[in-house]
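Chains as they are written, first to last, in this note's numbering: chain E, 1 to 349; chain W, 1 to 349.
It should be emphasised that the hints constitute simulated quantities derived from the structure, not laboratory data.
If you're wondering where the values come from, they're calculated on a predicted model, not measured in any experiment.
Just so you know, not all the hints are guaranteed correct.
Just a few of them, taken from the derived set where beta-carbon distance is under 10 Å, the chain W residues facing chain E [stated by the list, open to error]:
no., residue
1, T49
2, S159
3, S210
4, D223
5, S255
6, W337
The beta-carbon is built from N, C-alpha and C at its ideal position, and this holds for glycine as well.
2 protein chains.
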Amino acid sequence: MSDIIVPSPADFHVHLRQEKMAKLVTPHVRQGGFSLAYVMPNLKPPVTTTEQALKYKAELEAIDPGVEYLMTLYLTPDLTPEEIVRAKEAGIAGVKSYPRGVTTNSDSGIESYEMYYPVFEAMERVDMVLNLHGEIPSDAKTNTHILNAELKFLTHLHSLHKAFPRLRIVLEHATTRAAVEAVKACGPTVACTITAHHLELTVDDWAGQSFNYCKPVAKYPDDREALRDVIREGHPRFFLGSDSAPHPYDSKSTSTPTQGCAAGVYTSPILLPLVTHLLESFDALDKLEGFVSTFGRRFYRRELNAENTQKIVLRKVGPHVITGKYGVDEHTVVPFWAGKEISWKIVTN
Amino acid sequence: MSDIIVPSPADFHVHLRQEKMAKLVTPHVRQGGFSLAYVMPNLKPPVTTTEQALKYKAELEAIDPGVEYLMTLYLTPDLTPEEIVRAKEAGIAGVKSYPRGVTTNSDSGIESYEMYYPVFEAMERVDMVLNLHGEIPSDAKTNTHILNAELKFLTHLHSLHKAFPRLRIVLEHATTRAAVEAVKACGPTVACTITAHHLELTVDDWAGQSFNYCKPVAKYPDDREALRDVIREGHPRFFLGSDSAPHPYDSKSTSTPTQGCAAGVYTSPILLPLVTHLLESFDALDKLEGFVSTFGRRFYRRELNAENTQKIVLRKVGPHVITGKYGVDEHTVVPFWAGKEISWKIVTN
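Isolated chain E (complex conformation) (with noise of 0.2 Å):
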């Protein structure tokens, strides 16, 4: 019997929804054996304010008081550096920023980011964490698409590493080799977050199969293997992310003629058994500690101490099914590997 123990695993970027949605899925971050929450600001309306975030934080600590939600703000042009001065005295650690349109509840995304230029200044002053959707949208007229969006907005990233170099920044669910090598060549306030699913998927598994369609979309297997190699390496730079998206069943399992599946794929309450099987699948295991834990807790300074450590303990109990559904009727979620095996389970001593 092999165990595993890993101090206080640390999701920095998921989605807890709102409502009915976030008391079905908040109670998963602490059962996929995580103590803190990074949690995105892409609700319907989306959170703009301090007090909205405050809010919201308390909304989901009356769900599960049990984790550490970090709070994030929407980047719109209404935010101003006050209310960024504000955010930070109210403890919010980041402001996130989803180019328009290209995922779920993106609507309000920017378009450039110049005229954030004085947002971004009072982050840097404040030390707040500028968050990214590394994506570009598509354009047929330039030759952007899905597959090379991420690629494309890789020149923002070092455009606005070069104007705001003491701002930490963070590339959200990197999914190519590009990306990696981008973030890898920024200084030290430069980091990067990689899901557990980018891990496994390339595009031949979402083409037809509406259940691994996320965004951005899993790219081809060379940019996985980049994705495997920079946690292989143990760069402190890259961690987890898990950019778990709960939608509801059928929004996730049917298109119709004119209307496609939601894009998301949920991870949450199978995360660290899940992130300890693929991590052992490529050799990486060592690893383990690092990519869920220590690397983003000192990017985010959330390091551990004796008071707050949580030790989950992992053991290889032999392959069993993953659940197939969480919730009922049209709150139901399924998990990411729904139905496939896994060999790690949390154990509670």
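Since the structure of chain E is already known, use the hints to place chain W on it.
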């Protein structure tokens, strides 16, 4: 009111299926404006002998005798040079090669070409056409995936053309600039079909939208532009093969966590108005006759004469919605662009 008269449109790649599905979709060939159907052999079991092909042809003629059915055999290791001679004498037009596992019912597909050289030699001698599904199977080790599978196939096209310069070869359903250029670079014995839907779709359209998902998958905007360009150019070795592929509604609309949706786009019942609409959209309406009739007929030696010409009249009647569904119960099929509007209709005099 603008009318266009097209002489006997010919669809040089179509799936007419079996039994109930065949009864539903075979009449759609004429409904879509076509009087010749080049019929794919990927049935269950595949059509591998002259006898099976003639039986299948008789079944189709019993459903609708008003269409000329050109029959094909499925290339398998059991196909012999003797059978090629028999097939030619029976009027069978071609042999279709599917790489193993890349599309619907391709489990009997080929893995390498050299073993088929005696068959190709016989085909060259008796003048039968080789129809190539031009994709190689995905393989993560070599970074081969569904988006470069066609590109990586093109070396096979060149080798085959070099080994059998007089063998007439059709690269089916080209989707990439590279394929267009490869076919152009070949001699007059190599031609290429283009589907209607690949003139419209890109990768963004089938991501999360199963009704637009087919094999080969639609590629990038620049690839789509290459397909449009070669039609605008009026290149005589590029012509329509719809690859119209009906699947029951549920198998298109729905994925489960363990089963993706069927690959295929169905265009038969609206084919000529759709192609007219698309060619008009990219300023190639003057190439319609060549693309849907003359070019393919010349390559396949099915030229028209006064006796066998059926004049199809297309009229720009203004926007009207494409019918949503055909058939009943489990044999319902949905055409491409269901619910969208096109402007052209076939009018009967």
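Chain E contact restraint on S210 (chain W) - CB to CB distance below 10 Å: For S210 (chain W), the interface hint holds, since the closest Cβ of chain E sits about 4 Å away, which is under 10 Å.
Can you verify the interface hint for D223 (chain W): is its Cβ closer than 10 Å to any Cβ in chain E? Status holds, d = 9 Å.
Under 10 Å is the threshold here; is the Cβ of W337 (chain W) close enough to any Cβ of chain E for the hint to stand? holds, 8 Å
Against chain E, with CB atoms and a cut of 10 Å, does the hint on T49 (chain W) hold up? violated, 32 Å
Let me know if the C-beta of S255 (chain W) comes in closer than 10 Å to any C-beta of chain E, holds or violated. Because about 4 Å separates S255 (chain W) from the closest Cβ in chain E, which is inside the 10 Å limit, the hint holds.
Given hint S159 (chain W) near chain E, where the shortest CB pair must fall under 10 Å: Since chain E brings no Cβ nearer than about 25 Å to S159 (chain W), farther than 10 Å, the hint is violated.
In summary, the numbered hints that this structure violates are 1, 2.
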